[in-house]
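Engineer: Chain residues, written in single-letter form:
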Amino acid sequence: MKIIIIGAGKVGYNLAENLSKSNHDVIIIDKNYAALSKAEENLEVLCIKGSGVSTNILMEAGIETADLLIAVTNSDEVNMVCCLTAKKLGVKHTIARIRDHEYAHELLLLKEELGLDLIINPEQAAADEIANVLNFSSAINVENFAKGRVKMVEIKVTEDMPMVGMRLKDMGSKFESSVLVGVVIRDDEVIVPNGDFIINENDSIYLIGQPSHLYNFCKMFGKVPHKIRNVMIVGGGRIAVYLGKLLAEMGMKVKVIEIDRDNCIQLSELIPEALIIHGDGTDEELLRSENIDEMDAFIAVTGMDEENMMAALIAKQNGAKKVISKASRINYISIIKSLGIDSVISPKQITSNQILKYVRGNNVESLYRIIEGQAEITEIIAEPGSRILNTKLKKLGLPKDTIIATVVRKNEVVIPHGNDIIKEGDRVIVISKNKNISSLDEVAAVS
Amino acid sequence: MNFRVVFKALGMLLVCESLLMILPLVVAVYYQGTDISAFFLGILITGIFGVPLSFIKTGKKTMYARDGFAIVALGWVLLSIFGSVPYIISGVMPSFVDGFFEAVSGFSTTSASILTHIEDLPKGILFWRSFTHWAGGMGVIVLTLAMLPSVGSGTVQMLKAEYPGPTPGKLVPQVKETAKILYKIYLVFTLLEIIMLKFAGMPLYDAFIHTFGTVGTGGASNMNASVGAYNNIKIEVIITIFTFMCGTNFTLYYQMLKGDLKAPLKDDEFRFYCGAIIISIVLITINLYGNMFSSLWESLRHSSFQVVSVMTTTGFATTDYNNWGMFSKIILLILMFIGGCAGSTGGALKSIRVLLLIRVMKRELLQIIHPRAVYMVKLGNKTVEEKTISEILGFFFMYILIFIAAVLVISLDNLDWATTITAAAATLGNIGPGFGIVGPMGNYSQFSDLSKLVLSLCMIIGRLEIYPILLLGIPSFWKKTNL
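Here the protein sequences line up with chains A and B, keeping their order. Everything in the first sequence is counted per the working numbering, starting at 133 for the first residue and increasing by one. Everything in the second sequence is counted per the working numbering, starting at 737 for the first residue and increasing by one.
I should point out that these hints are in silico values taken from the structure, not numbers from a laboratory. You can trust all of the hints, since none of them are fake.
Pairs of lysine-lysine, DSSO-like flavour, derived with a Cα cap of 27 Å:
(1) A:Lys351 <-> A:Lys279
(2) B:Lys1114 <-> A:Lys181
(3) A:Lys527 <-> A:Lys555
(4) B:Lys1118 <-> A:Lys163
(5) B:Lys912 <-> A:Lys170
(6) A:Lys565 <-> B:Lys793
(7) A:Lys453 <-> A:Lys377
(8) B:Lys793 <-> A:Lys567
(9) B:Lys916 <-> B:Lys998
(10) B:Lys1118 <-> A:Lys170
(11) A:Lys355 <-> A:Lys301
(12) A:Lys142 <-> B:Lys912
Looking from chain A toward chain B, a few residues come up when the C-beta cut is under 10 Å (computed):
(13) Ser152
(14) Tyr165
(15) Ser169
(16) Val177
Values in this document were obtained by computation on a predicted structure and should not be read as measured data. Cβ coordinates follow ideal geometry from the N, Cα and C atoms, glycine included.
Using the sequences and the hints given, assemble the complete structure.
Structural biologist: Pasting the structure below:
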């Protein structure tokens, strides 16, 4: 596919990297010479210097023959105009990043009026993700599949958990659960385990299953998800606005700490349910006086990664139960996790994942990537005519490091075994390592 | 430096070279020459070094700019060393220095030869000499990128280091695809010229040799008298047209293929290149008419062939221009410095740099008249980055400095003015023949070994556009960590 990306910032760069790796022709347009030359030097992309709004530049990039235009400059308005112009010039699909909460309510209208195929709002998505994690508090990460009927949670294995040192195939019989261990991360390496795999302390495991089963499973292993009531948010940016509203709707008490007085006033207008505190979120005294030790969750979402990290560390030290930090730079994520912070949320990564999912095609319903795409969890709808239909799974000859984790048929959720079959219209969740999958035929391509 | 990545790429390069040697081996076998064993051993030796290196595991190491430069610089030195194996083994050139000089001259598309009796040599050897022009013209690294599986991320660094011209242009996002497109266009030109030369009356073997010399803008012939030996106007016209085409930026052909047929006309560099050629032809024709040749037609024929041949840094000759008037000779000397377009197979400073230098000069002068004015140097309708301009100024200075240094060393041989100066200019610019003893009918055999080595170095420096080779001399370039 020929893809034009406007804006070579963090998201643009990350997207270009991922897309060019899966063999798409990527062209980046940006006004900033320094940003462009970074992309030019490190990536297999074509760079054009200029404004993405300009018809001439778009023509130079070959917009008539392009399949997709992704506008991710730092201005919502520029993104919209880019997409509008590009659509008129004949590009097939357009994706725009629109993040201002002023537009948030009008997204549907905008989408229709501007002919956009996808609107991404990274801050909204990040807020959703944080809310998800808070809902299932023992998890590091929570991801929804099949419209929430299947969940995937990431859990850190600690020494007090009885599963340490146990084979996976023994686990099922011992604890009688219908939960699948899909992926294990050990020392930054992604493993797709088989039945003989032994779980160690400090592994991160990804569990897939129905929400209720997952809940029971965690309970059994001593990780009881407790209900979260009090939440403190540091940094009153866009994420805080979306998140504050969401959490208030879920019945939690929200405290927002923001350093800028004018912002505080705006915030109190936008989220009337929350308590807004004017102060520095990295100030330990302030956090203590605001009862940080009483907090069920502490969320650091200022604009600076470093501040988030410090605030989160202070909170953890002072006894906040669950600490979540935002990181813009993707390479910070593993460092922050190693410091003992429970979860790290990266809006840029969420954005990239959403767009990659879109690029992958119509059949891909959701896409979750682990450690910069080392492993992928893909939800695909089985289309009629696929070669994989109505064949017993054991006869398919799945390639190495690929498993069919779950099959969702209407309201039934199955963790399939060798004798199960896939039928038309099923939602199939596939786990694969170092392999991009965009249709079920590819899963069985080897056989 | 990232030695694993560098060595792996070098290994692949050598594998590529040993594959290239198969073709001259076939020629040698066909003509049953004395050089069959030379190529056989050449392939074997190159392969023995190349194959194990190419199996080095690099892990997830990425390639950075200096790794790319190291690969290109070391790669070209290695290519030339291994490329000299057939010359040395076959006994054509018994000394290593001579063999190395000839191999460098081949790969750098210079065709500065030390051979005195070309016609007597085995056909396979002559084929190899010209074939190295063909491979070196578009770039051996580019060929490796196109032929072999990817060396890992960051291959663009290698393309950049080998690319002739200030700002490397990828045609399509992927480096590998770009390399393939370039070679496809190149192949089409090659086949077209071989067929046309054959129809114009050249023997097939000679047509191959001269085509390689033309499209790579190399200029090695299998005749002592070069193209002049055929005395065939059709052949001369065909060669002139193809040298002109290969001295043009290949990006323009890609744009034309994509439907933009007017692309060359809109290109500032191409217009400058054409202008320089036309003005030189006119001036030299006027100078020759009546003095050297009695007919205007004859003057035009030789001047146009020679101007295009020197400007594109090819170095074919139809006549001994050593005997021409001083005015004509000086024009040719100037053209030796200008050279072809960026992104072509030509050498020397490149038209685009000269054009930009002239525009910078104009800006500096205007700046004195209006000290507070803001002038941007433009190319087409695009502003040229200040960084690019300062790079070009630096490049020009280094080019001249190396030229002077080379002249100084060669002067130890105590030859005449014309020979000393043009030998350095013609090797640094990858042209080949200069004036005096190294003129179109002469050769480089009279130089001492030291001079030959210095001139070899000039040829590689000229082909790789200075930076990669000079970087090899900087100690911190070799360190694993830079402090």
